[in-house]
Amino acid sequence: MRKLSKLLLTLTFALSITSSAFAVVVASWGGAYTESQKLGYGDPTAKKLGIPIEWVDYSGGLSEIKAQKEAGAIVWDIIDVYAMDTINGCDEGLFVEFDFDKDFPAAPDGTPASQDFFTSMPSKCAVGNILYSWNYAYNSENLKGTPKTIKDFFNTKKFPGKRAIYKGALTNLEIALAADGIKPKKGGAKIYEALQTEKGIQRAMDKIKKLCTDPNGGCVFWSAGAQPPELLMSGEVVMATGWNGRFFNATVGEGAPIVQVWDGQGLDYEYFVLVKGGPNEADAKKALAEMTSTEGLAGSAKYIAYAPWRKSSIKIMEKGEPWYKDGKTNMVPHMPTNPRNTKNYFLVDPVFWADNGTEIGEKWEAMKAGL
Amino acid sequence: MSSETQKILTTDGIPLEESLKKAEKKNKIKAFLLVAPLLLFILITYVFPIGDMLFRSVDDRMVTNMLPKTFKAMEKWDGKEMPPEEVFEAFYLDYKILVKEKRHGKLSTQMNYEKNGFKSILKKLARKQKKFKEGNYKEQIMAVHKRWANVEYWRAIKRRAPEYTYSKYLKGIDMYKNEDGKIVQVPEDRRVHKILWLRTLEVALFVTIFCFLMGYPIAHLLATLPMKYSNLLMICVLLPFWTSLLVRTASWMILLQQQGVINDFFVLTGLVSDDNRPEMMYNKTGTYVAMTQILLPFMVLPLYSVMKTISPSLMRAGKSLGGTPFIAFWKVYFPLTIPGIGAGCLLVFILAIGYYITPALVGGASGTLISNQIAFHMKSTLDWSFASAMGLMLLTGVLVVYWIYNKLVGIDNIKLG
Numbered sequence: 019m020r021k022l023s024k025l026l027l028t029l030t031f032a033l034s035i036t037s038s039a040f041a042v043v044v045a046s047w048g049g050a051y052t053e054s055q056k057l058g059y060g061d062p063t064a065k066k067l068g069i070p071i072e073w074v075d076y077s078g079g080l081s082e083i084k085a086q087k088e089a090g091a092i093v094w095d096i097i098d099v100y101a102m103d104t105i106n107g108c109d110e111g112l113f114v115e116f117d118f119d120k121d122f123p124a125a126p127d128g129t130p131a132s133q134d135f136f137t138s139m140p141s142k143c144a145v146g147n148i149l150y151s152w153n154y155a156y157n158s159e160n161l162k163g164t165p166k167t168i169k170d171f172f173n174t175k176k177f178p179g180k181r182a183i184y185k186g187a188l189t190n191l192e193i194a195l196a197a198d199g200i201k202p203k204k205g206g207a208k209i210y211e212a213l214q215t216e217k218g219i220q221r222a223m224d225k226i227k228k229l230c231t232d233p234n235g236g237c238v239f240w241s242a243g244a245q246p247p248e249l250l251m252s253g254e255v256v257m258a259t260g261w262n263g264r265f266f267n268a269t270v271g272e273g274a275p276i277v278q279v280w281d282g283q284g285l286d287y288e289y290f291v292l293v294k295g296g297p298n299e300a301d302a303k304k305a306l307a308e309m310t311s312t313e314g315l316a317g318s319a320k321y322i323a324y325a326p327w328r329k330s331s332i333k334i335m336e337k338g339e340p341w342y343k344d345g346k347t348n349m350v351p352h353m354p355t356n357p358r359n360t361k362n363y364f365l366v367d368p369v370f371w372a373d374n375g376t377e378i379g380e381k382w383e384a385m386k387a388g389l
Numbered sequence: 485m486s487s488e489t490q491k492i493l494t495t496d497g498i499p500l501e502e503s504l505k506k507a508e509k510k511n512k513i514k515a516f517l518l519v520a521p522l523l524l525f526i527l528i529t530y531v532f533p534i535g536d537m538l539f540r541s542v543d544d545r546m547v548t549n550m551l552p553k554t555f556k557a558m559e560k561w562d563g564k565e566m567p568p569e570e571v572f573e574a575f576y577l578d579y580k581i582l583v584k585e586k587r588h589g590k591l592s593t594q595m596n597y598e599k600n601g602f603k604s605i606l607k608k609l610a611r612k613q614k615k616f617k618e619g620n621y622k623e624q625i626m627a628v629h630k631r632w633a634n635v636e637y638w639r640a641i642k643r644r645a646p647e648y649t650y651s652k653y654l655k656g657i658d659m660y661k662n663e664d665g666k667i668v669q670v671p672e673d674r675r676v677h678k679i680l681w682l683r684t685l686e687v688a689l690f691v692t693i694f695c696f697l698m699g700y701p702i703a704h705l706l707a708t709l710p711m712k713y714s715n716l717l718m719i720c721v722l723l724p725f726w727t728s729l730l731v732r733t734a735s736w737m738i739l740l741q742q743q744g745v746i747n748d749f750f751v752l753t754g755l756v757s758d759d760n761r762p763e764m765m766y767n768k769t770g771t772y773v774a775m776t777q778i779l780l781p782f783m784v785l786p787l788y789s790v791m792k793t794i795s796p797s798l799m800r801a802g803k804s805l806g807g808t809p810f811i812a813f814w815k816v817y818f819p820l821t822i823p824g825i826g827a828g829c830l831l832v833f834i835l836a837i838g839y840y841i842t843p844a845l846v847g848g849a850s851g852t853l854i855s856n857q858i859a860f861h862m863k864s865t866l867d868w869s870f871a872s873a874m875g876l877m878l879l880t881g882v883l884v885v886y887w888i889y890n891k892l893v894g895i896d897n898i899k900l901g
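Taken in order, these protein sequences are the chains called A and B. Counting in our numbering, the first sequence runs from 19 upward without gaps. Counting in our numbering, the second sequence runs from 485 upward without gaps.
Selected chain A positions facing chain B (Cβ under 8 Å, derived; list incomplete):
no., residue
1, L80
2, D373
3, K386
For the record, the hints were derived by calculation from the structure and aren't laboratory data. Bear in mind the structure is a predicted one, so any value in this text is a computation, not a measurement. Heads up, the beta-carbon is just placed ideally off N, CA and C, and yes, glycines get one too.
In isolation and in its complexed conformation, chain A is listed as follows (with noise of 0.2 Å):
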């Protein structure tokens, strides 16, 4: 039955190579962020080594990944994803492990790689593409005051109205505890320690709790990015946690009155993997070193606003600025990486989601339900 089922696999994965049979094929979350992507340092990877690559759109998690494994036909060569998903796919064994300062070529001024790069890697496998920030905005007229503060997200008697938080429980408790009054220190230590014990997870869930249940406050859960500004413009909610460079695009890109808050944030990364066995291992392993160079990551910030996982990208530029497409934006305040905006931060992590994200995420729903 496996095996039969395996013959079939292929045939539909045989199918879908022909169409792609020498580029190195690149699945990623499309929209905006492949074009940013596809423009910052594919094009010009593709121009620079002569390869071709195709850029394909999948919807995240590492199921079809692991389909295409199991039918023994894989077509994808790197794929686009979240940490957890690196850390459980290394175990897999569906991506290649790296050499970092081999495999990756160092910042011009000759530091290696892993020194360049903002934080190290949660897995063999990963090497990182774009940092950007779960922060919170509001909708400056549609509120009174100037919340600041991550305390503010939860202050419904100074801001009175509903917030609009993500459907799970990721960065949820942590902002709630951030809120709740535990420093998160360097990179969030201090919260991430809190949430190894029964009893924090508890004051995080009862913090969230007290904010969707108050006749003041209450909750919109959102499920896609595209949500939070909308959320904002329509007056449902007055604040709303979000992804930054959604809110970036509402604000630059369509002018809408949307201010993001950077207190409290958690930064989260996107990674690239190379897929072990893939149709062009070895192009792809050559393209990827390339698009994640100093000058290819800095290139995508040119389209969105995410932050370039390099120092040394930063720094080209702050050299190039204006360096928004627009040609009148500056782009490194708006980098969740800036300094301005990392006073209080924590760095989404990824070992302890993938510990602990299937039970934790059980309590959350059953605390969802009570509401």
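Based on the hints, put chain B in the right spot on chain A.
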């Protein structure tokens, strides 16, 4: 001898019986070849995948084969206190091989499904075990991380010993087998699957009822109006049917939200005050409204096709025999539409039970259904065996509904047109 002579022979000397059998066999083969593509199609797209799913949900040989020594040593351990030194030693030896063969990542994934928190401690152990000294493995392993000194984690390993297990099904209803072999509930703050099953059932049931209540009059109108009006009405039913699901859901969001069109209208007409707008979305109301509208055509169309075949003279006859319009409807018309009701309700219910995009977008805190959970384990945790188990439970649920329907109404009584 006499029987031989009685046998009827064909012209070329073969007994007729045999020759007939041969011809029939040929026909049978031909008939089989005709249905073979369909049979193959059903086998490949339906029977095999479901069989594979069933197998996946109970197959646990991977872990069994990864830790052979450990499970052998654990046979004597009762699971009450911390396991003895032999278990630790066996585990160390098993794990050492796995690390050497780079298969320990898979074990950590599997064990993390059983109990959260395994992933990091197994990884830590993989690093630390290289420097282990011979003897007293219990102490050395327990020193790696405090969770290794927690008996819960060792019980979790023991639970993975059998080659085939139904534990994923138990997990699907928030139960597990404890160290005494008793089936007990998981801690109260983690009982989420039961909530989700009931919620899924509730949503599907109410959406079916609402669809029926709204679809029946529409279908009746469609079937009885003159052609030129009914065609127009038919387009009104079909047009949303052809529109993308996401577009329709998004439209409901614009209409129903607190600052949305409907609420604005209420405020404008003075029905409600501006700061007291009713919440019609991000709760169950929103889910029911959006899903009912989306699934309505699946109720209207089978009803319509059945009602179309009912002659209007039957109602007239009922009335002329002395029945009030209601009696005539209830005793004559309604029973004739039951095949359509059955088809419509079954269709809507089965579609609704597997829905999740619409509830996730408009349902708010109560927007997670069991299919979201299946997708989560399919895509994020990669626990395909658990996802398979829940998928099969859902399938069984649908089959039970089908069976009940068959007992109550009879499946021959279904009519799609």
